[in-house]
Amino acid sequence: MTEFKHVSVLLDECIDNLKIDPDGIYVDGTLGLGGHSAEIAKRLRSGRLICIDRDETAIERAGARLEAFADRITFVHGNFSDTASILDSLGIDAVDGMLFDLGVSSPQLDESQRGFSYQHDAPLDMRMDKSAALTAFQVVNEWDENRLNRILWDYGEERYARRITAAILAYRERKPIETTLELVEIIRGAMPAAALREKQHPAKRSFQAIRIAVNDELGEIATMMDTAPDKLRPGGRLCVISFHSLEDRIVKSGIARRENGCVCPREAPICTCGFVRTLKSVTRKPILPTAEELERNPRARSAKLRVAERV
Numbered sequence: 001m002t003e004f005k006h007v008s009v010l011l012d013e014c015i016d017n018l019k020i021d022p023d024g025i026y027v028d029g030t031l032g033l034g035g036h037s038a039e040i041a042k043r044l045r046s047g048r049l050i051c052i053d054r055d056e057t058a059i060e061r062a063g064a065r066l067e068a069f070a071d072r073i074t075f076v077h078g079n080f081s082d083t084a085s086i087l088d089s090l091g092i093d094a095v096d097g098m099l100f101d102l103g104v105s106s107p108q109l110d111e112s113q114r115g116f117s118y119q120h121d122a123p124l125d126m127r128m129d130k131s132a133a134l135t136a137f138q139v140v141n142e143w144d145e146n147r148l149n150r151i152l153w154d155y156g157e158e159r160y161a162r163r164i165t166a167a168i169l170a171y172r173e174r175k176p177i178e179t180t181l182e183l184v185e186i187i188r189g190a191m192p193a194a195a196l197r198e199k200q201h202p203a204k205r206s207f208q209a210i211r212i213a214v215n216d217e218l219g220e221i222a223t224m225m226d227t228a229p230d231k232l233r234p235g236g237r238l239c240v241i242s243f244h245s246l247e248d249r250i251v252k253s254g255i256a257r258r259e260n261g262c263v264c265p266r267e268a269p270i271c272t273c274g275f276v277r278t279l280k281s282v283t284r285k286p287i288l289p290t291a292e293e294l295e296r297n298p299r300a301r302s303a304k305l306r307v308a309e310r311v
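First residue of the sequence shown: 1, per our numbering; consecutive thereafter.
There could be a bad hint or two in this list.
Simulated restraints, written as ranges between beta carbons of each label pair [as the list claims (entries may be wrong)]: (1) Arg284 <-> Arg233: 19 to 25 Å; (2) Thr227 <-> Cys262: 19 to 25 Å; (3) Arg174 <-> Pro123: 50 to 56 Å; (4) Thr57 <-> Asp88: 32 to 38 Å; (5) Asp129 <-> Glu259: 43 to 49 Å; (6) Ala195 <-> Lys280: 25 to 31 Å; (7) Asp12 <-> Glu259: 21 to 27 Å; (8) Ile92 <-> Gly261: 23 to 29 Å; (9) Arg150 <-> Asp129: 21 to 27 Å; (10) Glu259 <-> Ala194: 26 to 32 Å; (11) Ala133 <-> Lys285: 37 to 43 Å; (12) Pro265 <-> Ala133: 29 to 35 Å.
With a straight-line Cα cutoff of 25 Å, these simulated DSS-like cross-link-like pairs (lysine-lysine) come out [as the list claims (entries may be wrong)]: (13) Lys285 <-> Lys252; (14) Lys175 <-> Lys19; (15) Lys204 <-> Lys19; (16) Lys19 <-> Lys42; (17) Lys130 <-> Lys204; (18) Lys175 <-> Lys199; (19) Lys252 <-> Lys280; (20) Lys19 <-> Lys285.
None of these hints come from the bench; they were simulated from the model. Glycine included, each C-beta is placed from N, C-alpha and C at the ideal position.
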């Protein structure tokens, strides 16, 4: 099995904010290579850690890494958006902490055959769960102009979305777009010279948008924020690491709805709308990587950690 260099993002900050009880129950809803899980598990005594990932390869690799803690870990092949129902299926009413790292794991980026990278040639895939039906090939070759333009603009925040969409449509009239580098060249050819001189790779935003669409990432984050916090016991902590503004916005608003969701007029002497506060922010602003972490792991540069506590 290939060995991957893996540096867990905001590791110390997550562990500190989870305030781990050695006898508590915790969830790592985005297992990846298991870096965060290892640090949680080693702090448990009679406690239990539920590790969830929709990528079976990730579970296999992390399982080997976490073998020393097997007696306190339950692995689940599933989606983090289903955390609440997964806990129900395991007979767990409430947990003491949850961690969700919303980034794409290093193996998914580095294994060219997964099709996530714009640096290596591979079939257009981008599925985090390889058993899922929708692939990047279908998005790029079958979605209509309005749908393609919308995801590039909304999910990728790509200011040249219309130009890139037009180039994709023109190309696929001649033949299907089959590989990542084929798509990269189409994107590159659609962008003005000034954009190509920017430091950021010209295909980065478009690849982000397609990946989000393939895996319904934003919808899953919203579902998780709507349902998972209900499974925290009072005092339990929710830690969520996001990597771009769209993700962070959903996490921030999800916490705010549970913290400040009263819709009564400000002048009302008492709340009559029935709002019950269920979360409070531990930090008003997101926690960012330190300069030292960024030097060790440049991939952490856009990471933001938000922490909330069940009340």
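**OP:** Could you check the structure against the hints above and give me the numbers of any it violates, in ascending order?
**Re:** Hint check: 3, 4, 5, 6, 10, 12, 14, 15 and 18 fail, others pass.
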